[in-house]
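Single-letter residue listing:
Number of protein chains: 2
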Amino acid sequence: MNDHYYALIMAGGVGTRLWPLSREDRPKQALPLIGDRTMFQIALDRLAPLFTPDRMLVVAGSNHVALLKAQGPGIPNENFIVEPMGRGTAPAIALGAIHLGRKHPDAMMAVLTADHFIADEAGFRRALLAAGKVAARGHLVTLGVTPDTPATGYGYIERGEVVESVENFLAYRVMSFREKPSAAAAERFLADGRHSWNSGMFIWRVDRFLAELARTMPEFCAQLDEIDRALGTPGESSTLAKVWPRVASQTVDYGVMEKARDVVVIPIDIGWNDIGSWASLLDVLPGDADGNVCIHAEHLNAGSRNVLVHGRGRIVATIGLEDVIIVDTEDVVLVCRKDQAEAVKRMVDRLKDEGRTDIL
Amino acid sequence: MNDHYYALIMAGGVGTRLWPLSREDRPKQALPLIGDRTMFQIALDRLAPLFTPDRMLVVAGSNHVALLKAQGPGIPNENFIVEPMGRGTAPAIALGAIHLGRKHPDAMMAVLTADHFIADEAGFRRALLAAGKVAARGHLVTLGVTPDTPATGYGYIERGEVVESVENFLAYRVMSFREKPSAAAAERFLADGRHSWNSGMFIWRVDRFLAELARTMPEFCAQLDEIDRALGTPGESSTLAKVWPRVASQTVDYGVMEKARDVVVIPIDIGWNDIGSWASLLDVLPGDADGNVCIHAEHLNAGSRNVLVHGRGRIVATIGLEDVIIVDTEDVVLVCRKDQAEAVKRMVDRLKDEGRTDIL
Numbered sequence: 556m557n558d559h560y561y562a563l564i565m566a567g568g569v570g571t572r573l574w575p576l577s578r579e580d581r582p583k584q585a586l587p588l589i590g591d592r593t594m595f596q597i598a599l600d601r602l603a604p605l606f607t608p609d610r611m612l613v614v615a616g617s618n619h620v621a622l623l624k625a626q627g628p629g630i631p632n633e634n635f636i637v638e639p640m641g642r643g644t645a646p647a648i649a650l651g652a653i654h655l656g657r658k659h660p661d662a663m664m665a666v667l668t669a670d671h672f673i674a675d676e677a678g679f680r681r682a683l684l685a686a687g688k689v690a691a692r693g694h695l696v697t698l699g700v701t702p703d704t705p706a707t708g709y710g711y712i713e714r715g716e717v718v719e720s721v722e723n724f725l726a727y728r729v730m731s732f733r734e735k736p737s738a739a740a741a742e743r744f745l746a747d748g749r750h751s752w753n754s755g756m757f758i759w760r761v762d763r764f765l766a767e768l769a770r771t772m773p774e775f776c777a778q779l780d781e782i783d784r785a786l787g788t789p790g791e792s793s794t795l796a797k798v799w800p801r802v803a804s805q806t807v808d809y810g811v812m813e814k815a816r817d818v819v820v821i822p823i824d825i826g827w828n829d830i831g832s833w834a835s836l837l838d839v840l841p842g843d844a845d846g847n848v849c850i851h852a853e854h855l856n857a858g859s860r861n862v863l864v865h866g867r868g869r870i871v872a873t874i875g876l877e878d879v880i881i882v883d884t885e886d887v888v889l890v891c892r893k894d895q896a897e898a899v900k901r902m903v904d905r906l907k908d909e910g911r912t913d914i915l
Numbered sequence: 556m557n558d559h560y561y562a563l564i565m566a567g568g569v570g571t572r573l574w575p576l577s578r579e580d581r582p583k584q585a586l587p588l589i590g591d592r593t594m595f596q597i598a599l600d601r602l603a604p605l606f607t608p609d610r611m612l613v614v615a616g617s618n619h620v621a622l623l624k625a626q627g628p629g630i631p632n633e634n635f636i637v638e639p640m641g642r643g644t645a646p647a648i649a650l651g652a653i654h655l656g657r658k659h660p661d662a663m664m665a666v667l668t669a670d671h672f673i674a675d676e677a678g679f680r681r682a683l684l685a686a687g688k689v690a691a692r693g694h695l696v697t698l699g700v701t702p703d704t705p706a707t708g709y710g711y712i713e714r715g716e717v718v719e720s721v722e723n724f725l726a727y728r729v730m731s732f733r734e735k736p737s738a739a740a741a742e743r744f745l746a747d748g749r750h751s752w753n754s755g756m757f758i759w760r761v762d763r764f765l766a767e768l769a770r771t772m773p774e775f776c777a778q779l780d781e782i783d784r785a786l787g788t789p790g791e792s793s794t795l796a797k798v799w800p801r802v803a804s805q806t807v808d809y810g811v812m813e814k815a816r817d818v819v820v821i822p823i824d825i826g827w828n829d830i831g832s833w834a835s836l837l838d839v840l841p842g843d844a845d846g847n848v849c850i851h852a853e854h855l856n857a858g859s860r861n862v863l864v865h866g867r868g869r870i871v872a873t874i875g876l877e878d879v880i881i882v883d884t885e886d887v888v889l890v891c892r893k894d895q896a897e898a899v900k901r902m903v904d905r906l907k908d909e910g911r912t913d914i915l
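Heads up: the protein sequence lines correspond to chains A and B, in order.
In the working numbering, each residue carries its 1-based index in the first sequence increased by 555.
In the working numbering, each residue carries its 1-based index in the second sequence increased by 555.
One thing to keep in mind: the hints can contain errors.
Each pair may be met inside one copy or between any two copies, as identical chains are not told apart.
Here are the computed lysine to any residue pairs in the SDA-like style, where the Cα-Cα straight-line distance is at most 20 Å [what the hints assert, rightly or not]:
{"no.": "1", "residue 1": "893", "residue 2": "877"}
{"no.": "2", "residue 1": "907", "residue 2": "857"}
{"no.": "3", "residue 1": "624", "residue 2": "868"}
{"no.": "4", "residue 1": "907", "residue 2": "869"}
Hint data in this document are derived by calculation from the structure and do not stem from the laboratory.
Note that the structure is predicted; figures quoted are calculated from it, not measured.
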């Protein structure tokens, strides 16, 4: 095991589809979405057996960093890396990578998420350890989640032959990254047994990642170099503030991974869900005998099935509902058909267009 | 027109099926259910062109009378007749009748409701005037509402031949009162054109009603005499408190009208609805292009149809719902399928069994 194995926790974004609980200044990762602890706190708890707080780095937006610092008091202040604005995962990860590279040229990083649900936390940590060993040999490792449904909301990773075998985990050569597929394609991917969901979690050596970044995103790397040179100098903040707005948005999947060399995928089956929408929360959490899930509320029910009640301590009474989501917040109540949970984003977009900053 | 024509406004009951807005101490008639004015205030406004406030009597429960007095400030205090507890409509009306009989032995009374919706208020007042003329001749008049659906939630009145004709209104002999019918019977009643809904509104001379009461409910009349003798004496309250708990509950329909002589029905078509449940409120009120009705709230909608939002100023967002009722109150949110709106009563009964006085 590399002595300089770090976790880079990606804590940007808002989680728009979890409106009205998520707001611009109350992002998904900072919400107690599934219990008393916030998703960010749960992520830290989950990683604590592997990474001491000084080996956790957090990338977050400037408007969220104070909130996250309060929720992760053990993490040193300098480990919070602030993005002036969101520019996609490739620039965010790269920012973390140059910070880490300054600490230890031979550092290894696990790019992890602050807002995902993982049922089997011990299995997850075992996978991170195994992936670390594979990555130490120079591979760029992606954690691929074994699909149990033909989901169309995730990207898929197609695998080829086995490259490495480490402690019950197999690392396969990646044949292709597939964007969110059609329903028919998703059915095929599920059936052929050669595809994993793209979890957005990656493990690699910093030097290897930066080398592939230089090859795949040379224009951005010139900008990144300018930031890198300013790190630790009095001009660090002003340089970032000057350069970052000019950075083009890009995801690490399309910007780097699709074109990178020596990319492998380790399939894992750990009860993972990105909780992208209220519907996925209902799918993930254990319900009562009728499939109803109630968080932070008292649910009085007469004949309702498969209902999610996400509240704020008040009583929510339901009669005769099926497959419905109810989210009770201080100033907005949302009632949504489960199969239209994705439309929450469109409602939020409309509110943005209408300038409804009071409820965004 | 009789100079001593009074309105007896029945303002008892809670309106359990309109929980969680209605509560033990916030009964339906005292709620701003359809707009800014409460149902009681709307009833008073509607009657104001016919009855001066001193000719309005109000029968109410002891726990509601203060609330109603505040909402009907023009009505003299002594016109509020307090029932120590609910005993059904027959005793309540009889209590009003003996108060009126003391004022004017030849008084005539219109027994009216405090919590019903009437679209055509002018037509309603014309019917009351015509009914007053019919009642002056000694008939016991019931106002029968011309049905437009085979409702099973109302009682029906079957009519025979025409007895009187007054100003475009016809008074028919009543052949029978029918309890809430089966769906098949309701279909027949609607089709045969000889049935009206029992609106619970009656017009008669006080002397005629008391005479029929004496004949049909002699046991109760002995109790009523005891109360009557104490009216206006220092022992009035204590007598009522002593006698009333022993009075048997009875409706005026079954206790008196079914057996009374000279009962007539005047069919009226005035857009009447008793707003017995949230579903009826959705039926009665004009909706937007998709049939959605929003009261006391801001409704953000994406693709929902036939939804009732009854709020308290907060924002209610709905996505993809159909035929759903949402009631947002201070401490409880109710979300209910429209076609199960009657089940609200069962939920309240369950809460009573569980001793949930906090939300009753």
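Numbers of the earlier hints that this structure fails to satisfy, in rising order: 3
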